[in-house]
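2 protein chains.
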Amino acid sequence: MDDDGIETDAWAADEGAAADSPIPASSAWRPGDHPGHRQFLNVGDLPLEADPVGTLPGVTLAYETWGELNAARDNAVYIAHALTGDSHVWGPAEPGHHTGGWWNAMVGAGRPIDPTRHFVVSANVVGGCQGSTGPASPHPVDGLPWGSRFPYVTMRDMVAAEIALADHLGIDRWRLITGPSMGGMRAIEWAVTVPDRVGAIAPVGSAAATTADQIAWSTSQLAAVFADPNFRGGDYYDAADGEGPHVGLGIARMIAHTTYRSEGELAERFGRSYQGAGDPLGRGGLFSVQSYLQHHGRKLARRFDANTYIRLVQAIQSHDVGRGRGGVETALARYTGPALVVAVDSDRLYPLKNSQLLDAGLSGSNGVKVVHSPVGHDGFLVESGQLNAFIAEFEAGL
Amino acid sequence: MDDDGIETDAWAADEGAAADSPIPASSAWRPGDHPGHRQFLNVGDLPLEADPVGTLPGVTLAYETWGELNAARDNAVYIAHALTGDSHVWGPAEPGHHTGGWWNAMVGAGRPIDPTRHFVVSANVVGGCQGSTGPASPHPVDGLPWGSRFPYVTMRDMVAAEIALADHLGIDRWRLITGPSMGGMRAIEWAVTVPDRVGAIAPVGSAAATTADQIAWSTSQLAAVFADPNFRGGDYYDAADGEGPHVGLGIARMIAHTTYRSEGELAERFGRSYQGAGDPLGRGGLFSVQSYLQHHGRKLARRFDANTYIRLVQAIQSHDVGRGRGGVETALARYTGPALVVAVDSDRLYPLKNSQLLDAGLSGSNGVKVVHSPVGHDGFLVESGQLNAFIAEFEAGL
Chain A
115 MDDDGIETDA WAADEGAAAD SPIPASSAWR PGDHPGHRQF LNVGDLPLEA
165 DPVGTLPGVT LAYETWGELN AARDNAVYIA HALTGDSHVW GPAEPGHHTG
215 GWWNAMVGAG RPIDPTRHFV VSANVVGGCQ GSTGPASPHP VDGLPWGSRF
265 PYVTMRDMVA AEIALADHLG IDRWRLITGP SMGGMRAIEW AVTVPDRVGA
315 IAPVGSAAAT TADQIAWSTS QLAAVFADPN FRGGDYYDAA DGEGPHVGLG
365 IARMIAHTTY RSEGELAERF GRSYQGAGDP LGRGGLFSVQ SYLQHHGRKL
415 ARRFDANTYI RLVQAIQSHD VGRGRGGVET ALARYTGPAL VVAVDSDRLY
465 PLKNSQLLDA GLSGSNGVKV VHSPVGHDGF LVESGQLNAF IAEFEAGL
Chain B
115 MDDDGIETDA WAADEGAAAD SPIPASSAWR PGDHPGHRQF LNVGDLPLEA
165 DPVGTLPGVT LAYETWGELN AARDNAVYIA HALTGDSHVW GPAEPGHHTG
215 GWWNAMVGAG RPIDPTRHFV VSANVVGGCQ GSTGPASPHP VDGLPWGSRF
265 PYVTMRDMVA AEIALADHLG IDRWRLITGP SMGGMRAIEW AVTVPDRVGA
315 IAPVGSAAAT TADQIAWSTS QLAAVFADPN FRGGDYYDAA DGEGPHVGLG
365 IARMIAHTTY RSEGELAERF GRSYQGAGDP LGRGGLFSVQ SYLQHHGRKL
415 ARRFDANTYI RLVQAIQSHD VGRGRGGVET ALARYTGPAL VVAVDSDRLY
465 PLKNSQLLDA GLSGSNGVKV VHSPVGHDGF LVESGQLNAF IAEFEAGL
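Residue numbers (our numbering), protein chains in the order written: chain A, 115 to 512; chain B, 115 to 512.
FYI, nobody ran anything at the bench for these hints, they're computed from the structure.
Misleading hints may appear alongside valid ones.
Covered by chain A, per the in silico footprint, the following chain B stretches (three or more residues, Cβ under 8 Å) [claimed, not checked]:
(1) 161-174
(2) 330-341
(3) 488-496
Heads up, the beta-carbon is just placed ideally off N, CA and C, and yes, glycines get one too.
Make the full structure from the sequences, and use the hints.
Next comes the structure, spelled out in structure tokens:
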């Protein structure tokens with residue numbers, strides 16, 4: 115549940131000709147598309163935690179790596195992406211990757227996560243739409259997209275697939291697992307599920323368990339996608355360009371994006387200004403903040419898949435590291451390694467309190483590190499200087 | 115933008131047989147329905163502030179009164195309802211009024227607003243759906259519902275109609291105008307528009323101008339209604355029962371309702387509990403907070419009109435007491451009478467800061483009175499003891 119950040123700063127300028135072309139029913143990456151830097155691992159059949167289907171057959175993970183695993187195999191860093199992110203953590207937009215790396219500010223020579231020193235790995239999650247098996251992928255029986263047949267997956271299912279990837283790459287133990295928002299959830303699940311394989315975690319703007327408030331915000335988002343007649347219960351992949359569930363997905367994104375920013379930032383940035391010459395008092399005009407949200411709605415529809423959005427939001431709703439483990443405190447106690455818990459002070463979706471609870475439960479955490487930002491949840495991307503300093507210091511001490 | 119409060123406490127119990135019956139396309143009150151305690155005033159043609167149409171012809175206001183105007187005509191109190199409220203401030207549910215008075219806790223013998231002492235008046239706003247001229251009303255030319263033809267209205271248009279009502283009732287000057295949320299906006303507009311006719315105001319959980327954040331939250335709400343195929347651009351009044359834009363209106367309400375409550379209350383009240391026996395991990399089950407929001411969505415659709423929702427939300431977006439008056443400060447300076455500004459400390463939709471700005475601009479206000487509540491915006495209804503004490507003390511000093 116976060117934004118890509120890099121997209122948020124040029125909202126008015128970057129809708130050129132592309133904004134007029136119809137959006138494909140799904141903007142999922144498909145086999146046959148340019149792979150970009152993706153590699154693919156066949157994980158085999160993945161047992162599922164919760165869905166009655168029981169097993170997701172023939173799972174593929176799309177992943178990217180940067181740098182080399184050293185001889186001691188102790189320099190591997192896993193970066194876990196958030197809701198609408200993917201494996202393309204670092205690098206430019208290029209064939210196969212419509213957008214540049216979502217954490218370019220964090221990765222690179224001289225940056226906290228440095229491919230000249232680290233073996234950096236990131237995979238698109240199970241259920242995703244950027245190369246890993248998800249609802250837009252072909253069903254093994256009929257070759258048609260999974261669509262409505264794609265099962266409910268949880269954070270633990272995603273991590274189970276990531277564990278298979280680590281096995282494949284010969285990584286017995288990560289030096290560090292980090293990620294923002296939903297990525298932080300997987301870092302926590304990794305630490306609690308296989309503590310011996312986790313050297314350190316750094317969850318950013320995340321939580322040990324999704325709260326009622328977070329579930330509430332996502333409830334209307336799911337409803338907006340379900341209600342789009344072009345969603346067709348999830349079986350929309352044969353729709354013509356422009357006839358997918360883009361309106362519903364866009365509304366979901368508008369709700370989400372509002373939760374990702376702060377009241378103060380929106381006031382400062384937009385106030386009550388109008389977009390262009392159109393007066394919103396009367397018919398036709400928009401307030402700037404309305405135009406901004408509509409832009410972000412359209413933009414997500416142009417690069418994402420609605421079914422993936424649903425399944426990942428449901429996975430976020432499911433997130434509770436304490437489920438079946440005697441509660442959050444007992445679960446977190448399984449992991450005693452170093453932990454860096456980072457929060458943005460103005461985050462109203464994953465408030466500071468969430469991180470304080472996480473910090474309290476992680477014996478290897480030495481207090482929440484607070485990014486000061488007016489921006490809200492997206493502050494972890496906007497205030498890269500502060501965040502990088504926290505991660506760099508923590509990483510250097512490992 | 116508020117909830118009726120009285121509905122919020124029994125969400126799980128009060129969906130009986132009625133929940134299974136199909137919802138009419140519009141639940142607007144229509145001529146021919148039981149009037150309940152409504153009286154009707156023909157206001158004539160109403161010049162509009164903003165809409166290009168220019169004038170709304172043949173406007174009717176539905177209003178209710180309690181108590182008697184005294185000989186000095188100095189005991190009249192106007193209660194301005196919020197987004198989904200109406201003239202039925204006080205009294206039971208009864209023919210013509212599906213729900214009990216939305217401010218029963220505030221009005222009554224011995225209460226701060228007391229029909230044995232006051233002449234209490236409340237009207238449904240222009241654009242409303244409970245007896246005043248709104249989108250479901252017959253168009254004067256063809257007798258069909260206004261629907262998509264209904265113009266954009268502003269707070270000032272609503273107040274202009276209320277001024278006509280005051281003229282009709284022989285009220286030169288209100289002893290007090292009070293109301294929550296959108297009602298508070300009209301209290302402020304009254305004070306600035308015709309300060310000589312306003313003895314005192316008491317806006318509760320309100321603001322001098324709607325902020326970017328408030329506009330943002332309402333943007334996705336409007337989009338959800340617009341996107342409902344049963345909305346048909348606003349011309350859905352001939353739809354069969356169950357085929358109106360209820361899903362879109364329900365989604366709008368779910369978003370809104372989340373803004374009306376607080377993170378802490380939702381955590382305390384629902385946490386991650388499941389609704390009934392259904393496990394949300396997998397297909398079919400719901401988290402309790404999801405069920406709660408869905409309930410509130412359905413419930414609003416059963417008692418409200420989607421076009422009215424849109425027009426009133428747009429009116430809220432338009433709210434800026436300083437528009438065309440040299441800004442908020444200059445506008446507020448027009449009114450120097452007594453003002454009681456009340457805020458709920460946990461209100462995340464109309465945060466305390468909104469009320470502080472209002473207080474700072476109103477020379478007759480002596481600091482914001484803060485209702486302490488875990489509930490959020492709806493706290494003004496839930497914490498009636500605290501609010502009543504503020505209003506009673508203020509009223510006694512007038």
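Consistency of the hints with the structure:
1. Beta-carbon proximity to chain A at under 8 Å applies to 4 residues in the region 161-174 of chain B; the threshold of 3 is reached and the given coverage holds.
2. Given as covered by chain A, the region 330-341 of chain B passes the check, having 7 residues with a CB less than 8 Å from a CB of that chain where 3 are the minimum.
3. Coverage of the region 488-496 of chain B by chain A is violated in this model, with 0 residues showing a Cβ closer than 8 Å to a Cβ of that chain against a need of three.
Going down the numbered hints, you'll see the structure goes against just number 3.
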